[in-house]
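Number of protein chains: 4
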Amino acid sequence: MEEHKALPGWKQKLHEIIYEADTPSGKLFDIVLFFLIVLSVILVMLESIDGFDDRYHNILLTLEWAVTIFFTLEYIARLVSIKKPLKYVFSFYGIIDFLSTIPLYLSYILAGSQVLLAVRAFRLLRIFRILKLVKFIGEASQLQAALKASRTKIAVFIYVVLILSVILGTLMYIVEGDESGFTSIPRSIYWTIVTLTTVGYGDIAPQSNLGQFIATVIMILGYGIIAVPTGIVTAEFARSNKKGEGDDGYMVHVNTQACPNCAAEGHRDDATHCYNCGHPL
Amino acid sequence: MEEHKALPGWKQKLHEIIYEADTPSGKLFDIVLFFLIVLSVILVMLESIDGFDDRYHNILLTLEWAVTIFFTLEYIARLVSIKKPLKYVFSFYGIIDFLSTIPLYLSYILAGSQVLLAVRAFRLLRIFRILKLVKFIGEASQLQAALKASRTKIAVFIYVVLILSVILGTLMYIVEGDESGFTSIPRSIYWTIVTLTTVGYGDIAPQSNLGQFIATVIMILGYGIIAVPTGIVTAEFARSNKKGEGDDGYMVHVNTQACPNCAAEGHRDDATHCYNCGHPL
Amino acid sequence: MEEHKALPGWKQKLHEIIYEADTPSGKLFDIVLFFLIVLSVILVMLESIDGFDDRYHNILLTLEWAVTIFFTLEYIARLVSIKKPLKYVFSFYGIIDFLSTIPLYLSYILAGSQVLLAVRAFRLLRIFRILKLVKFIGEASQLQAALKASRTKIAVFIYVVLILSVILGTLMYIVEGDESGFTSIPRSIYWTIVTLTTVGYGDIAPQSNLGQFIATVIMILGYGIIAVPTGIVTAEFARSNKKGEGDDGYMVHVNTQACPNCAAEGHRDDATHCYNCGHPL
Amino acid sequence: MEEHKALPGWKQKLHEIIYEADTPSGKLFDIVLFFLIVLSVILVMLESIDGFDDRYHNILLTLEWAVTIFFTLEYIARLVSIKKPLKYVFSFYGIIDFLSTIPLYLSYILAGSQVLLAVRAFRLLRIFRILKLVKFIGEASQLQAALKASRTKIAVFIYVVLILSVILGTLMYIVEGDESGFTSIPRSIYWTIVTLTTVGYGDIAPQSNLGQFIATVIMILGYGIIAVPTGIVTAEFARSNKKGEGDDGYMVHVNTQACPNCAAEGHRDDATHCYNCGHPL
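Residue numbers (numbering that gives the first Met the number 0), protein chains in the order written: chain A, 0 to 280; chain B, 0 to 280; chain C, 0 to 280; chain D, 0 to 280.
So here's chain A without its partners, still in its complex pose (with noise of 0.2 Å):
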């Protein structure tokens, strides 16, 4: 049987303000949280205006290490006040929490990673971790079920348009001369997914008159497809409301706390050890 330490007092505090909502302390980092991440992704978008990055360079750069500096911190943090820090390393969001914080200090090592600043824009991803704050948690974890269960009749959907879309290119771009836009057969697979989706950008369309009747013919089809997958979740999200109905089990009471051994979220009510690690909650 493996025995499971406790952290020390400063480091489960820590924890607990950092991992957990729980706490008002808690609740208030998060809160910072949230307006930091939000602050830098405007931040890298306005840097990405040239007019605007020339008149303001200096106050878009001290507010950029601001937030770096913050971010490093909290890495830190992180790092520290967690049993297992490896596998929060490497873990979906502490790759995403380093990727938040090294692009300034790269800028500086590395010439010519400028454009490797916009990296920086990926920090909005974080944003889905803090969503635990917010009530409609509930909301997304049907919304998620529903699209679960009809996961495989997509797949399927998405496999047949894509081998249409393969075999409709390649015959338009027989069809079509290279003068309309369609100088290869991947490019022609570009225009007819284009065209599937109802998109219709009109960067490329067809000219000939049998070429204007295929995609004719593909756009009616591609209205008609729309509906596969619209039917596929409208019958899944009528079933899990009805299922709602009947009995109650079918939405899991999740609470905010996060595993102080393993990072495991999503624990239930009245859970009392981790369901990934055993670890006491």
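The hints are simulated quantities; they were obtained by calculation from the structure and are not laboratory data. Each hint should be verified, as a subset may be incorrect.
For identical chains, the list gives no copy identity; a pair is met inside one copy or between any two copies.
[Stated by the list, open to error] Distance condition first, Cα-Cα at most 25 Å in a straight line; then the derived SDA-like pairs of lysine to any residue:
| no. | residue 1 | residue 2 |
| --- | --- | --- |
| 1 | K26 | V118 |
| 2 | K26 | L59 |
| 3 | K12 | I68 |
| 4 | K147 | V216 |
| 5 | K147 | L161 |
| 6 | K86 | S179 |
| 7 | K83 | G176 |
| 8 | K147 | R238 |
| 9 | K147 | Y158 |
| 10 | K26 | S239 |
| 11 | K147 | V159 |
| 12 | K26 | G210 |
| 13 | K147 | L45 |
| 14 | K26 | A154 |
| 15 | K10 | D49 |
| 16 | K10 | L38 |
| 17 | K147 | N208 |
| 18 | K147 | S179 |
| 19 | K82 | I162 |
| 20 | K83 | S207 |
| 21 | K83 | S179 |
| 22 | K147 | I157 |
| 23 | K26 | Y158 |
| 24 | K83 | A148 |
| 25 | K147 | S239 |
| 26 | K147 | L38 |
| 27 | K82 | I95 |
| 28 | K147 | Q206 |
Place chains B, C and D on chain A using the hints.
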């Protein structure tokens, strides 16, 4: 206990005409108002067409003055025939009514406020109040109920779509250069939403092979994602339809009366007191 | 009591051939008519292609004359074989039949009525009458019933979409200048509907940052709004499907007979008198 | 009574490997085939890109020859290991297999048949046969069943959409002149379908006020019409879901065997004779 003083006779009469649609004169007033609103919005549209305004400037101006004077008188009448005028002034419809009246006067006082005249098109919002007349209010309230019930799910959905757009937009900004139109991250996000929602203007379109590949993925994503709101709303409609069959308490039967004290609307047919302030109806 | 005089023998015979599809000759007539209509519409299309018309003008004209003469004879036959010709003349199909016959004659009388020739394409509407033949009329009537049941809801929906378009269109007119193509409010409304319905031509596209932001909101709105008509129709289909399973009185079994007196169609299989005028069938 | 002669041993063996996926060698064969098909389609795509073909022409040609020779051997093996080769040759997959093999040979015999090489992309259709392997065949068959059940309704729908497109397209041809791109009725119909399906390329766009107004109506129509196929398919899915819950006879459990006599597929797990020709399995 608060005492509700009745309005004096002529104010009571005016209140009935302006705020309600139960009496013949109240109905007539609403119909006249309806046509004046539509007429005034058409005037605003015609004015904005350069050639048209040049030729018929005087006719348009005269008609606009007629409408403005009518709206001014109506606004004053609304103020005097209600017990708590301030509450009306700062209510949603109070502000709309004010904004419907003021622009023409302002254009004489302030120079360069020509563009402001277009604000008059918001007069169209006033029509929603007159909708009380129309018989299909019941259907609308069923629509509203279904949308309300799926509100949180739709919020989650839009939230996920927005985060996705920011991340995919940034990705496209990194992949595509300035020459294809992806000049800044906000512009790339704009393009991502244009693509994800299958609108597809084509003013910005990816040129590189990798960019077109990612665009393809975004399109198929958008094509599948559209199933989600549809599924949510449809399942809700199906449920509300079923509900409506079983019990008939789903639809609240309301009439077109408005409280003479606080102007609250949507009272039950059998109501004797305002549900909002307790004033007798 | 009104007395129903039977038509003389040959008129009765002609009526059966032209107006009904129960007898072999009636069926043959409908099939011939079907192909002539399709042929004549194809002729109209081919004529409109400049190069094609130049080369084969005489063949096209000869065929067009053949079709027109056939339609003329048919129109006369329809007139003589019905008891109340005037009622036929001013009925929906009576007008369509007349418009299908007249354009070629007119083009010789009136100068500059060339464009009028395109009116002949409306002949296609005549096909709906021959649809009586086709077996899937039952399915169509189920579709129709579902659409009819959700009529009011769809009307409310379109009404709200239109008001929204006017307001958002005006907003865009204020925000965007003339140089992006938003030259007048009606044109801005046109753009708003192009965007809201996710068509997205790209002939007009916002250039300013604020304009692109509002456009983004409109797109997401349109993306969500499309769920509403789908939800309405789907819930209706689901209901009518369920109904159809329970009782079989939902589908009315009709035959292809038309009343010899008033040309009303869609009589029940077991009908002995016209449901419209009481004439024996 | 017809006597079913068993195939000689090695042919029996070959049949099992090529046509079935129950044995390990049969499974391996299918996996190899799968990757060769995907490889060969990728080759076709790469060849179509001008720059790529110039640089790696020899590698591409060698790989293409390898694939073609494999397909040729496979085609011969399929011929000899089946009892009624002619039936296979003229079956759907027989023709696809033949078309997958022949183009490279033809390009040496016939001059100017380069374009014909693109036909090789149709090899992708062969993948559908290998799909037998994949576990989600059950889901696919449910999708298929739902689509089949709503086939007639969808046919009616497409029929109405087509007639509508012809009529609206003609109307736009009359309203808009040549200068906006509406140069012929077929082209106008093409534009109408582009608009009605919300694709909206923008290569042709109405310029006149009346034209833009009609376009607006068409868009809203298309926006509403999209609800119909969705409604049909969704209601069907919901029904088939419900059915699947009640009785479990809905899904037919089939295996991947093919009849050694007639190559019919989709036999029940417990079948001992071919459902098509009665040959013992």
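How the hints compare with the structure:
no.: 1; hint: K26 with V118; verdict: neither (27 Å within a copy, 43 Å between copies)
no.: 2; hint: K26 with L59; verdict: neither (28 Å within a copy, 59 Å between copies)
no.: 3; hint: K12 with I68; verdict: within (22 Å within a copy, 69 Å between copies)
no.: 4; hint: K147 with V216; verdict: between (32 Å within a copy, 19 Å between copies)
no.: 5; hint: K147 with L161; verdict: both (21 Å within a copy, 21 Å between copies)
no.: 6; hint: K86 with S179; verdict: neither (53 Å within a copy, 41 Å between copies)
no.: 7; hint: K83 with G176; verdict: neither (60 Å within a copy, 42 Å between copies)
no.: 8; hint: K147 with R238; verdict: both (13 Å within a copy, 20 Å between copies)
no.: 9; hint: K147 with Y158; verdict: both (17 Å within a copy, 19 Å between copies)
no.: 10; hint: K26 with S239; verdict: neither (32 Å within a copy, 37 Å between copies)
no.: 11; hint: K147 with V159; verdict: both (19 Å within a copy, 16 Å between copies)
no.: 12; hint: K26 with G210; verdict: neither (59 Å within a copy, 37 Å between copies)
no.: 13; hint: K147 with L45; verdict: neither (37 Å within a copy, 35 Å between copies)
no.: 14; hint: K26 with A154; verdict: between (39 Å within a copy, 22 Å between copies)
no.: 15; hint: K10 with D49; verdict: neither (44 Å within a copy, 61 Å between copies)
no.: 16; hint: K10 with L38; verdict: neither (28 Å within a copy, 54 Å between copies)
no.: 17; hint: K147 with N208; verdict: neither (43 Å within a copy, 32 Å between copies)
no.: 18; hint: K147 with S179; verdict: neither (41 Å within a copy, 37 Å between copies)
no.: 19; hint: K82 with I162; verdict: neither (48 Å within a copy, 31 Å between copies)
no.: 20; hint: K83 with S207; verdict: neither (64 Å within a copy, 43 Å between copies)
no.: 21; hint: K83 with S179; verdict: neither (58 Å within a copy, 46 Å between copies)
no.: 22; hint: K147 with I157; verdict: both (15 Å within a copy, 19 Å between copies)
no.: 23; hint: K26 with Y158; verdict: between (43 Å within a copy, 21 Å between copies)
no.: 24; hint: K83 with A148; verdict: neither (33 Å within a copy, 43 Å between copies)
no.: 25; hint: K147 with S239; verdict: both (12 Å within a copy, 19 Å between copies)
no.: 26; hint: K147 with L38; verdict: neither (33 Å within a copy, 31 Å between copies)
no.: 27; hint: K82 with I95; verdict: within (19 Å within a copy, 59 Å between copies)
no.: 28; hint: K147 with Q206; verdict: neither (42 Å within a copy, 34 Å between copies)
Hints 1, 2, 6, 7, 10, 12, 13, 15, 16, 17, 18, 19, 20, 21, 24, 26 and 28 from the list above are not met by this structure, while the remaining hints are.
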